Structures are given as structure tokens and as C-alpha cells.
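Enquirer: These are the residues of each chain, in order.
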Amino acid sequence: MLSYIAKRLAMAIPTLLIVITASFFLMRVAPGGPFDGERQLPPEIEANLMAAYHLDEPLPMQYLRYMGNLLQGDFGPSFKYKDFSVTDLIAQGFPVSLELGGLAIALALLLGIPMGVMAALKRNTTVDYLLMGTALGGIAVPNFVIAPLMALFFGVMLGWLPVGGWNGGALPNLVLPVVALAIQQIAYIARMMRASMIEVLGSHFIRTARAKGLNERQVIWRHALRPAMLPVLSYLGPAIAGIITGSVVIEQIFGLPGIGRYFVQGALNRDYTLVMGTVVFYGILIVLMNLIVDLLYSLFDPQIRYDD
Amino acid sequence: MTIFARARLTRTLIGAAGLTLGMPLAAAATLNIGISGDPASLDPARVTGGVWEEDVLRDIFEGLVAIDAQGQIIPGVAKSWETSDDGRTYTFHLREDARWSDGEPVTAEDFVFALRYQVNPKTASNYAHRLYPVVNAQKINAGEAELDTLGVESQDDGNTLVIRLAEPAAYFLKTLVLPFGYPIPEHVVKEKGERWSRPDNIVVNGAFKPVRWVSNAELDTVKNTEFHDADKVTLDGVNYYPIEDKNAGISRFQAGELDILRDFPAARYQWLEQQIPDAVKITPSLGSYYYVFNLRDGSPTADKRVREALSLAIRRDVISEKLLDGAVTASHSLVPPGVSHYTPAAQPGLDDDMDTRLNRARKLMKDAGYGPDKPLNLTLRYNSGDEHQRIAVAVAAMWKPLGVNVEMRNSEANVHYSELMQGDFQVARAAWISSYDDAQNFLQLLSAATNNYGDYQNSEYSQLITQSDRELDSDRRRDMMQRAEAMALADYPLAPIYTYAARNLVKPTVSGWDNNALDMHASRWISLDRNQ
Numbered sequence: 468m469l470s471y472i473a474k475r476l477a478m479a480i481p482t483l484l485i486v487i488t489a490s491f492f493l494m495r496v497a498p499g500g501p502f503d504g505e506r507q508l509p510p511e512i513e514a515n516l517m518a519a520y521h522l523d524e525p526l527p528m529q530y531l532r533y534m535g536n537l538l539q540g541d542f543g544p545s546f547k548y549k550d551f552s553v554t555d556l557i558a559q560g561f562p563v564s565l566e567l568g569g570l571a572i573a574l575a576l577l578l579g580i581p582m583g584v585m586a587a588l589k590r591n592t593t594v595d596y597l598l599m600g601t602a603l604g605g606i607a608v609p610n611f612v613i614a615p616l617m618a619l620f621f622g623v624m625l626g627w628l629p630v631g632g633w634n635g636g637a638l639p640n641l642v643l644p645v646v647a648l649a650i651q652q653i654a655y656i657a658r659m660m661r662a663s664m665i666e667v668l669g670s671h672f673i674r675t676a677r678a679k680g681l682n683e684r685q686v687i688w689r690h691a692l693r694p695a696m697l698p699v700l701s702y703l704g705p706a707i708a709g710i711i712t713g714s715v716v717i718e719q720i721f722g723l724p725g726i727g728r729y730f731v732q733g734a735l736n737r738d739y740t741l742v743m744g745t746v747v748f749y750g751i752l753i754v755l756m757n758l759i760v761d762l763l764y765s766l767f768d769p770q771i772r773y774d775d
Numbered sequence: 004m005t006i007f008a009r010a011r012l013t014r015t016l017i018g019a020a021g022l023t024l025g026m027p028l029a030a031a032a033t034l035n036i037g038i039s040g041d042p043a044s045l046d047p048a049r050v051t052g053g054v055w056e057e058d059v060l061r062d063i064f065e066g067l068v069a070i071d072a073q074g075q076i077i078p079g080v081a082k083s084w085e086t087s088d089d090g091r092t093y094t095f096h097l098r099e100d101a102r103w104s105d106g107e108p109v110t111a112e113d114f115v116f117a118l119r120y121q122v123n124p125k126t127a128s129n130y131a132h133r134l135y136p137v138v139n140a141q142k143i144n145a146g147e148a149e150l151d152t153l154g155v156e157s158q159d160d161g162n163t164l165v166i167r168l169a170e171p172a173a174y175f176l177k178t179l180v181l182p183f184g185y186p187i188p189e190h191v192v193k194e195k196g197e198r199w200s201r202p203d204n205i206v207v208n209g210a211f212k213p214v215r216w217v218s219n220a221e222l223d224t225v226k227n228t229e230f231h232d233a234d235k236v237t238l239d240g241v242n243y244y245p246i247e248d249k250n251a252g253i254s255r256f257q258a259g260e261l262d263i264l265r266d267f268p269a270a271r272y273q274w275l276e277q278q279i280p281d282a283v284k285i286t287p288s289l290g291s292y293y294y295v296f297n298l299r300d301g302s303p304t305a306d307k308r309v310r311e312a313l314s315l316a317i318r319r320d321v322i323s324e325k326l327l328d329g330a331v332t333a334s335h336s337l338v339p340p341g342v343s344h345y346t347p348a349a350q351p352g353l354d355d356d357m358d359t360r361l362n363r364a365r366k367l368m369k370d371a372g373y374g375p376d377k378p379l380n381l382t383l384r385y386n387s388g389d390e391h392q393r394i395a396v397a398v399a400a401m402w403k404p405l406g407v408n409v410e411m412r413n414s415e416a417n418v419h420y421s422e423l424m425q426g427d428f429q430v431a432r433a434a435w436i437s438s439y440d441d442a443q444n445f446l447q448l449l450s451a452a453t454n455n456y457g458d459y460q461n462s463e464y465s466q467l468i469t470q471s472d473r474e475l476d477s478d479r480r481r482d483m484m485q486r487a488e489a490m491a492l493a494d495y496p497l498a499p500i501y502t503y504a505a506r507n508l509v510k511p512t513v514s515g516w517d518n519n520a521l522d523m524h525a526s527r528w529i530s531l532d533r534n535q
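Here the protein sequences line up with chains A and B, keeping their order. Residues 468 to 775, numbered by our numbering, are exactly what the first sequence covers, in order. Residues 4 to 535, numbered by our numbering, are exactly what the second sequence covers, in order.
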């Protein structure tokens with residue numbers, strides 16, 4: 468098991484290297500620079516700015532400098548948020564995104580899995596149609612529609628919850644964004660769970676279990692649930708990495724200080740270091756989450772073993 | 004207990020904890036302002052020119068001069084000043100009671116340090132060029148002269164500051180309300196280096212002092228008791244919330260989370276007027292939205308007849324009234340009407356009725372060689388944005404009857420402006436918002452090398468602008484600038500479209516907040532009556 472983990476981590480290094488190199492050069496190929504804006508800067512000022520951020524050096528040199536700093540854990544300064552380094556921004560924003568995303572995923576699993584199981588067991592009944600119809604609605608209506616509507620209803624009209632702001636992560640401030648983030652995930656998980664449960668329920672070992680005279684509850688809990696979870700599990704790896712690195716839409720609508728917006732804003736502002744920082748961070752996270760998911764497989768599926 | 008009541012209780016508890024920590028009395032008189040974005044920095048030398056940055060810095064720093072609630076210039080750290088007869092030397096007498104938030108006195112040396120720090124090429128300040136009128140500033144900024152050759156001097160034991168300009172610049176004093184005119188505490192910068200402006204290190208001389216900054220969520224300040232006018236400041240603090248999604252900002256304002264929301268979207272104007280008429284504050288501001296024509300060879304708009312025809316055919320009233328809900332005013336000039344001591348010149352022909360304009364436009368197009376069998380294919384560039392797109396679609400439709408086929412190209416702002424600067428366009432959307440009240444700031448767009456996207460070249464015009472910068476008699480200066488504007492507009496280097504409006508939502512419980520064309524509001528004049 469340990470040697471498997473070590474092997475996977477070693478394999479991650481070339482992957483990350485390719486990701487970093489590709490995004491470094493792709494970012495520079497994009498038209499427009501970090502200091503182009505509505506107010507054109509005089510040449511002296513632009514030259515000073517380029518020199519301050521080493522952008523006046525040849526590109527290969529900049530690349531080597533960046534990689535050198537990265538090895539020391541230094542993501543460099545942000546061009547846009549000048550009082551913060553990219554490391555500061557990620558360190559400040561990630562706990563927020565993690566809390567929001569973690570809660571949203573937990574909520575999604577808590578509701579999505581039972582919904583899917585229920586729909587599979589009551590296949591083609593009103594319960595199934597109702598649950599899957601709701602799930603379809605959750606997938607179809609994007610969160611930039613749901614979030615403002617929830618804010619309007621629960622915040623402005625009823626006045627029960629704050630419409631926006633982080634407030635240090637106070638519970639009332641968390642409710643709306645977590646629910647808004649979770650809705651789509653609940654829907655995905657429920658649909659995935661239903662499909663896989665139906666498949667598992669039709670398999671031979673379930674028939675055997677029933678033939679042995681086990682009651683329905685035992686069949687479901689002891690035999691069907693674990694294998695049915697596998698597709699959800701493989702979906703969860705990238706989904707968790709995606710959701711805990713923030714959602715630009717939810718963060719903007721609720722004014723939350725997560726790191727999701729840095730992906731988009733960094734790219735739009737040509738804030739090279741910020742984009743690179745978030746890409747590297749996201750890359751590492753994806754590699755780790757996929758590894759964890761693969762390790763979890765062995766818990767859910769006895770046919771998978773990593774120790775040989 | 005409802006969740007909301009629990010939140011209130013939590014807040015009360017936090018407030019109580021604050022008291023025991025020696026923080027100012029509760030949060031009852033803390034003003035909550037929704038601003039358009041996060042400041043790039045709290046260091047006056049490293050801001051990037053966003054209105055929202057100036058909003059914050061105006062509250063935490065005070066320059067030689069300051070502004071009152073109406074946006075008029077008043078004494079700041081300087082209690083008085085004189086200008087020499089040749090207009091080149093400014094002598095500022097500083098007030099004795101000006102203090103930094105750590106109790107140290109604010110002296111002329113702090114200003115000398117700040118001005119040198121701004122033009123130092125190593126600082127890489129975006130706004131150092133505003134100081135180029137000062138002796139040697141440009142050379143120093145280009146790395147061609149030593150820092151101590153800058154034309155600034157502390158005299159009289161730090162009580163007097165002298166600034167020497169290379170040439171008279173009549174607008175110079177007005178620009179000193181901007182961040183580059185603020186002092187910087189040398190003693191703190193020496194100790195903390197570049198990190199001096201982080202909230203845990205920063206020392207300020209304005210009415211409020213930053214205490215906490217969560218990037219992209221909130222920036223909290225408390226009243227600075229060392230501020231010389233602190234007795235008259237009634238607020239306990241100001242919290243700024245960067246809000247990029249303006250519609251979300253409106254919801255937060257309606258839910259009572261904000262006292263002031265800066266810059267609501269024009270398209271929501273009528274709706275807000277119906278919903279919360281007491282809160283809507285709107286007034287024409289010092290900003291011009293225009294279409295710039297490329298005058299370089301090879302672009303069809305190098306032909307003046309084409310430019311004139313295109314400008315004549317734009318129905319500005321339709322854009323301002325129908326598309327933008329009446330939240331802005333149609334414009335016929337480059338300089339907006341709100342600039343004081345100035346009457347803008349209108350572009351010739353725009354005051355005629357629409358039939359006359361269209362007839363003339365058709366004739367001009369025919370003269371230029373375009374007609375039904377030879378349509379003009381034109382590209383129109385704009386930066387991505389709902390409002391810009393709607394205007395572009397409308398303008399394309401207005402040009403259609405002239406036989407103009409418009410190809411629209413939109414790109415994100417950085418790409419858009421980078422292409423404008425390279426001259427890679429035919430017609431493009433542009434705008435200029437001035438942060439000081441002087442026509443010169445708009446007129447230089449057509450004479451300076453920077454921001455003159457269409458490459459308008461008129462030596463007589465440039466000469467008039469240079470002369471007016473040096474003219475000390477305000478009436479003569481105004482006449483020169485008006486002549487210059489009329490001259491340039493008659494060449495149709497651009498088509499004015501509308502004058503921006505300052506659009507704010509302000510709760511009726513806020514007093515001391517006045518509409519002004521600069522849309523600059525210092526929180527030191529504001530008070531809150533929560534009981535109202």
C-alpha cells in the first residue's frame with residue numbers, strides 16, 4: 468500500500484511539471500498584458516512595472532526564475548493584489564473555500580445518496596419520478612439563478628438570513644451559499660446513485676443474497692450499497708477538488724473571500740503569478756483527491772487490492 | 004430562537020468582546036459601504052487608479068489638500084498655501100496638529116519622502132506620471148536622475164513644504180487630492196519595508212485607521228483618534244465590502260447590510276426609483292463615454308467625411324433614455340458639462356434635428372464613395388459587458404441606413420485596450436473618467452501620446468493645450484481650452500455618446516452625504532442615525 472502511494476506521488480511530479488509549464492507559456496501567449504487597461508500607462512511607468520516583476524527578462528529566464536521560486540514554496544507576488552503574495556491569497560482564501568465546499572459536499576452526500584437509493588428501490592413509481600424530477604430541476608437550473616433567488620427570498624423578503632458577506636464564517640452567513648453550492652451536487656449524486664443501485668440490484672450476488680433468504684434491508688445495506696457507491700466515489704475525487712477550490716459564481720453573489728474568483732479574475736487581469744499559483748494548487752489537489760479516491764476503492768470493493 | 008436572532012446575539016457578543024478588548028464603542032455607528040472591488044493596495048504609491056481604491060484611501064489618508072462633502076478643495080494637512088507669480092512654485096504651510104495614527108507628527112519630510120517614493124522607479128508606481136510636472140520627476144522615474152534632485156523641499160523644521168514645477172500647470176493643485184498627494188510615514192516604511200501597508204503594520208493620517216482586511220470580503224477601519232479633526236468625526240468606523248456583483252449589492256443594500264452602495268447598474272435605475280426612491284442618488288459625473296475613430300491610414304475612418312457621417316447618425320437620446328433607463332445623459336462633447344468653470348463645446352451638427360443630420364450623413368457617405376452598391380464594411384470593437392454590447396448593437400442599427408455593415412468584435416478589457424493602444428481597430432468604445440475637476444484631464448486625451456487611441460494629430464490643438472496648462476488666468480485658460488475642444492470636435496476624431504452619472508444608493512439614515520460631480524465622498528463628513 469505504502470509503495471503504491473509512493474509510486475503514485477512520484478508519477479504526479481511529471482504531470483504537475485507539464486501542467487505548470489503548459490500554463491506558464493499559454494498564459495504568456497494570450498493577448499493583452501497585466502498592465503493594459505482603460506488608462507494607458509506612459510512608457511517609463513510600464514518599463515518600471517515590467518522591471519519590478521521581472522517581465523522584462525527573456526521568457527525562458529522568467530520560467531526558470533518561477534520554477535526556482537516555486538521549489539522554495541514561493542508563488543511570487545500578485546500583480547493585482549499588491550499587498551498580498553499569491554501564497555497569502557491562497558492561504559487566506561482556501562480555508563473559506565474548504566469550509567464552504569466541504570459542507571456542500573457533506574450535504575450533497577447526506578441528501579443525494581438516500582435520494583438515489585430511494586428512487587432505485589421505488590423504481591418507476593411516483594416517488595421515483597418525484598425525486599428524479601427534482602434532481603433534474605437541480606441540474607437544469609444553474610446556481611447563478613438559484614443563488615440570487617434564495618438571497619432575495621430568505622434575505623431580502625423574509626430577512627431570516629444575511630444576503631452576503633463572510634462575517635468570519637458565522638453559521639447564518641454559510642447557509643445560503645452552502646445550499647446553493649450543494650443543490651447541483653445533490654442532483655448529480657442522486658441520479659448517479661439511482662442508476663448504479665439499479666444495476667447492482669440486478670446483479671447475480673444480490674440474487675444470491677435474496678435466495679439465501681436475507682431480508683430486503685440486509686440485502687440493501689450489507690450487499691448492495693457499497694458496490695453501488697463506486698461510481699459516486701470516482702465522481703467525488705474531481706468533484707471535491709473542484710468544489711473546495713471555490714466557485715466564482717457563488718463567491719461573487721454572496722461576497723465570499725474564497726479562492727474561486729482568483730482563477731477567473733487572475734486570468735482576466737493577466738495576473739500571471741496568481742493564475743499560476745491557483746493552477747499549481749488545483750493541480751496538486753486533484754492529484755491528491757484522485758489518489759485518496761483510489762485508495763478508498765479498496766474499502767468499497769474487495770476485488771481491488773493495492774498491496775501486491 | 005430564529006437563526007437571524009442568533010446571528011444578532013452573536014454580533015452583540017462580538018461587540019461586547021470588542022469592548023473588553025478596548026475597541027471603540029460597539030458597532031452602532033459603523034458605516035457599511037459596498038465598494039466596487041478590492042483595493043490593489045493601501046499604499047498610496049501602489050494603487051492602480053480604481054475609484055474604489057480612492058474611496059478607501061481618501062478615508063484613511065489626508066493629503067496637503069482635501070475635499071469637502073460637495074467635492075470642493077479645502078485645506079488638508081496644509082492649512083494654507085501660496086503659488087509664486089510665475090506659477091511654478093507652490094509653498095504649503097502645514098498644520099502643527101497633524102499626527103500619524105501612532106502619534107508621530109506629520110511633517111513636510113513625510114511629504115518629501117512620499118513624493119520621492121512615488122517617482123522612484125523601484126516603487127513602480129502606476130501613477131508616478133501625475134507628478135511629472137514636478138522638476139526632474141520624469142527623469143527620476145525613467146532612471147535618468149537621482150532621487151534627491153526632485154523639486155520638493157522641506158523647510159522651516161518640517162513645517163513648510165515647497166514643490167517646484169518645471170512648467171506652470173494650472174491643474175496641479177486639484178490633482179493633489181488623489182492618492183499620490185498623500186504623505187507616507189517614512190519611519191514605518193524604513194522599519195517594515197514593502198509590507199508597511201498591510202493592516203497589521205499600516206500607520207495613517209486620515210480620519211479612519213484600517214484594522215482588518217480579508218481580501219475580497221471586507222476591510223474594516225476604526226476612527227483614528229489622532230486625526231486633527233477627530234472631534235468632528237461622528238462615526239466609530241467604516242467597513243468597506245468589495246462587491247463585484249452589483250445586483251447582489253442591491254440585495255444586500257435592501258436587506259439592510261449596507262448603508263451605502265457605490266455605483267449601482269444603470270439598467271436598474273427605474274426599478275430602484277420605484278422600489279426605494281429615498282435611497283437613489285444620481286447626478287451627472289465627470290466621465291465621458293465615446294466611440295473613438297482610428298485616423299491612421301488604411302482605416303476607412305481616416306476619411307473625415309466618414310467620421311462625421313457616423314457621428315451624426317448616432318441617436319444619443321435613444322441610448323441614454325431607452326437603453327440606459329435615463330440613468331445617464333446624452334453627450335455632444337468630450338468634456339462633460341459638470342466640469343467647473345467651463346462650458347463644453349458641442350460637436351458640429353449634433354444639435355440639428357435627426358432628419359437634417361441623416362440627410363447630411365448620407366450625402367457625406369456618398370461623397371466619400373460609399374453607397375448601396377458599395378457598402379462600407381466597418382469593425383466596431385468594444386470590451387465585454389452587457390451595456391457596451393447593447394450600445395454597440397444599437398449603434399450598428401443606426402448606421403445601417405447609411406449603408407454601413409458593422410462587424411462587432413468584443414474582447415475582455417485587457418485585450419481590448421491593448422489592441423486600441425496598438426491602433427488595431429477602426430471604431431472602438433472608449434471612456435474617460437476624471438478624478439479631478441478640470442477640463443484639461445479630458446482634452447489631453449487628444450494631445451498626449453498615451454490614451455490618444457485614434458492617433459489624432461493637430462499641432463495647433465496641442466499647442467493650445469500646452470499654453471492653457473501654463474496660463475494662470477483662469478478665464479483666459481478656459482477660453483483657450485474651449486477653443487481647443489471646439490477645434491478638435493470639428494475634426495470628428497471621436498463620437499461622444501453619453502456623460503456618465505454617479506449612481507449611489509444611500510440610506511435615509513445617512514446624513515452628510517452630498518451628490519457631487521466628482522463622485523468623491525469622504526466618510527469623515529458622514530453621520531448615522533440608526534434610530535431614524
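Hints in this document: simulated from the structure, not taken from any laboratory. Don't take every hint at face value.
DMTMM-like, lysine to aspartate or glutamate: derived pairs with alpha carbons at most 25 Å apart [unchecked claim]:
1. B:Lys249 with A:Glu511
2. B:Lys195 with A:Asp541
3. B:Lys195 with A:Glu524
4. B:Lys142 with A:Asp523
5. B:Lys366 with B:Asp356
6. B:Lys142 with A:Glu511
7. B:Lys193 with A:Asp555
8. B:Lys125 with A:Asp768
9. B:Lys403 with B:Asp482
10. B:Lys125 with A:Asp523
11. B:Lys142 with A:Asp555
12. B:Lys125 with A:Asp541
13. B:Lys403 with B:Glu463
14. B:Lys193 with A:Asp541
15. B:Lys125 with A:Glu666
16. B:Lys125 with A:Glu566
17. B:Lys125 with A:Glu683
18. B:Lys125 with A:Asp595
19. B:Lys307 with B:Asp458
20. B:Lys142 with A:Glu524
Since this is a predicted model, take the numbers as computed values, not measurements.
Enquirer: Check the hint pairing B:Lys125 with A:Glu566 against an upper bound of 25 Å on the C-alpha distance.
Expert: violated (40 Å)
Enquirer: Given the hinted pair B:Lys249 and A:Glu511, is their alpha-carbon gap at most 25 Å?
Expert: Since the Cα atoms of B:Lys249 and A:Glu511 sit roughly 35 Å apart, the hinted pair is violated (cutoff 25 Å).
Enquirer: Measure nothing beyond the straight line between the CA atoms of B:Lys195 and A:Asp541; if it is 25 Å or shorter, mark the hint as holding.
Expert: Cα-Cα ~20 Å, so holds.
Enquirer: For the pair supplied as a hint, B:Lys125 and A:Glu683, confirm whether the alpha-carbon distance does not exceed 25 Å.
Expert: violated (75 Å)
Enquirer: Does the alpha-carbon distance linking B:Lys142 and A:Asp523 stay inside the 25 Å limit?
Expert: holds (20 Å)
Enquirer: Hey, B:Lys193 versus A:Asp541, does the alpha-carbon distance stay inside 25 Å?
Expert: Holds - the C-alpha atoms of A:Asp541 and B:Lys193 are around 24 Å apart, at most 25 Å.
Enquirer: Verify the proposed pairing of B:Lys403 with B:Glu463, using a straight-line Cα cut of 25 Å.
Expert: violated (35 Å)
Enquirer: Could you grab the alpha-carbon distance between B:Lys125 and A:Glu666 and see if it respects the 25 Å cut-off?
Expert: violated (66 Å)
Enquirer: Starting from B:Lys307, check that the Cα of B:Asp458 is at most 25 Å away, please.
Expert: Holds. B:Lys307 to B:Asp458 sits at ~13 Å (cutoff 25 Å).
Enquirer: Check the hint pairing B:Lys142 with A:Glu511 against an upper bound of 25 Å on the C-alpha distance.
Expert: At roughly 9 Å apart (the allowed maximum being 25 Å), A:Glu511 and B:Lys142 satisfy the hint.
Enquirer: Does the structure keep B:Lys125 and A:Asp595 at a Cα separation of 25 Å or less?
Expert: violated (67 Å)
Enquirer: Does A:Asp555 lie within 25 Å of B:Lys142 when you go C-alpha to C-alpha?
Expert: Given that 25 Å is the threshold and the Cα spacing comes to 35 Å, the pair is violated.
Violated hints for the displayed structure, listed by number in ascending order: 1, 3, 8, 9, 11, 13, 15, 16, 17, 18.
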